[in-house]
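For reference, the chains in residue letters:
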Amino acid sequence: MPNRSFFWFFFPAGLAMILFIGLPIISTGIQSFYAQHDQILIEVKKCDPFGCKTSVVVDQEATSKIKEEKPLGKFNGFGTYVDRNHLASDQVSVFWSESKSLSEFIGKVGNLPFYKALVFTLTYCVIVTPCVLLLGFIIALSLNAISRKIRGPLIFGTILPMIVTPLVGSLVLFWMIDAEGIIGANLQILMDDPYLSVKSSKALTWITIIIYGVWHHSPFAFVVFYAALQTVPQEPLEASIIDGASRFQRVKHIVLPHIYPVVTFVALISLMDNFRVFEPIIGFSAEGSAQSLSWLIYDNLVNEEVILFGSAAATSIMTIVGISIILTPVLLRTWKEFRTNR
Amino acid sequence: MKKILVTLLFLLFGTVANADCNIKSGSINILANDFPALRTLVETAKECKGSADFKVTHSAEHNKIAVPALTANPSEFSVRVAANSSIVPLMNADLIRPMNDLVKKYGKGIQESQLITIDGKVMAVAFMANTQHLYVRTDVLKENGIAIPKTYEEVVAAAEKIRAAGKMKYPYAAAYKAGWNLAEEFVNMYIGHGGEFFKDGGAQPNINNAKGVATLNMLKKLADLSNPDYLTHDSEAIKVEWESGNVAIMTLWASRSGTLLDDEGDAKITAATKLVAPATVGGGNIPAATLWWDGFTLAKNRSDADAEASFRAMAHAASSKDMVAKAADQAVWLVEGFVPGPKSVGVIEAVKMGAKPYPMLPQMGLMHGALGSEIVEFLQGNESAEQALKDVEAAYITKAKEQGFL
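Protein chains in written order, with our numbering: chain A, 1 to 342; chain B, 1 to 406.
Heads up, some of the hints might be wrong.
One-sided excerpt, in silico: chain B residues whose CB lies under 8 Å from chain A [to be verified]:
hint, residue
1, V67
2, N84
3, S113
4, T117
5, P228
6, L291
7, P357
8, P362
9, L366
10, Q380
In case anyone wonders, no lab produced these hints; they're calculated from the structure. Note that the Cβ used here is the ideal one computed from N, Cα and C, for glycine as well.
Pulled out of the complex, with its shape left as it was, chain A reads as follows (with noise of 0.2 Å):
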């Protein structure tokens, strides 16, 4: 396609990326340096049915006088990024001078809000990616060798998963696993302890995010692997058969390495996807034991009765550069690739 062609084509997907996804994140980087402005607090009488008495409110003249001046805030540079809810590197800096062994440091830190939802972020991404490459793609494979008949309800039955709204999916297992659910109500009885809790156990909840998000995730990878398989040539396969080449050696030298461009991409997807994990936390009512980086903005925008809209910058632009470091090698590698094929 030549060039020219090809900006025409590109034009409006482009413009529709910079306005609704390019400028919001540039806003957000703006809002990110800022912090409110220093309240101005005056004491007045308030009173209530309960009686009166004198405290303090806002004053709320000066402050929009202050307001219109400067609508933004007070400039604060780094100062969100590095205060305790985020990066704390005075905290940090603090409890490598105090801390005795390395891991009463790694208690210390993990103990910090983003840190803790970082730990969390990154297991479920370290855990849930590769089990649901690994799993769509043995579904895939064994769905791909049955035969025609009963491959259509069974398709229908696997992407189900992923068919069915992400809350409603977690709400389901989140009755299961209740003290007086079907899951929580035979661990008690399984494990012989009446007061274990699939719900207040910081590790059973994070396992139970965890499966979730590989039940969830899984048929995804399925429905672009088997799309991938139908394109898999047959003569060589037949050719391979005819050498006595086993099942798993077919898989491994002729399958694997034909659809390897798809398995890359479902890897990116499923990396990003994971890094953002949100709904499972709410659904499970899980935010006692398991945050993640997108819980924190959702914390810090409506769980408050005051609203952060600075540290929820700060943690937006954070988990973007986090979504970055975590695809470079992904990304290098398919670059690299990219190269030597032309």
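For this one, chain A is given, so just place chain B on it according to the hints.
Only chain B this time, still in chain A's reference frame:
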């Protein structure tokens, strides 16, 4: 036929009785929390909407919607039904309007004590009071020879006895869901211990002390007597636990008693359920509970005509003797003519015992938010009480700095 006639008559008289609002223009759009008393109030307001447009949104997520919706100009809602904590972010951001002139003009039936005034400006009109207090199962207590507990120490002892008797596995319940609910329990218990959240009137936090530790230890003791899933249980969830007969002692909002004691569910449990005073803690004499009011506020970013129409409709409800007579068991109404019934015991006792109102301070929301997430690890047993309180203060200070309070 007779039924239709009665209905018709009722409708006729209904309209005659309510025609006095006479609102000719404007539009009314209400944002409110979702519990029975508020539904009744909004329905009453609707009776006199006249020819004004009338819309309402009842949502348990009202706190999340309020500030963004009222910041828009014109704002989505003309009326926000708020409480002492949720009015603060509205005032911080200057989103609600003073209504002195409207009160003077149209607020005949509203009592002086219903007005929430800040520096003389009427910012809200309260119509009901609320608190969290104890609910007990008299049959279970009697069976085990336990007197109705008056302190949380007695609650712990009673619950332990019920558990030891093999009667119930998790005899206590309270809304300990991580986040707002859990923080609210801390606030109650800390106030019960006589604690102050901030150092001498400023915004510096003041919870990492002996009272804070005692508060956390009491919360932990109670949590150990609750369903192990307590960190995911909100008011609605523990109500379900109660109705299934799994719980003998519970701390719950007074405003939730209406649906708890209705005809649905096990009649035996309903009959044995008794509402009693909130408990004290740690030898203190004020209850470990906070007093709340629910009232309506008017959005600033809305036309004067809308504000006037909204005020007239809401004022009609907030002064309706008819409503408080009919819905006497739904809430403790602050409206003139309210005769307290057995369901008002909790709030009335709390007031008598000198309970403190929830602190209406500009920075309290940040403290509440920090509490809700940072004390979880202590309850899970992964952290000491001192460390948890230190974390709360650190998290609060960071947020307060970003918001310009420190």
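Going down the list of hints, with the structure as the test:
no., hint, in the structure
1, V67, "6 Å, holds"
2, N84, "7 Å, holds"
3, S113, "5 Å, holds"
4, T117, "5 Å, holds"
5, P228, "3 Å, holds"
6, L291, "5 Å, holds"
7, P357, "5 Å, holds"
8, P362, "5 Å, holds"
9, L366, "6 Å, holds"
10, Q380, "6 Å, holds"
Violated hints are absent here; each numbered hint is respected by the structure.
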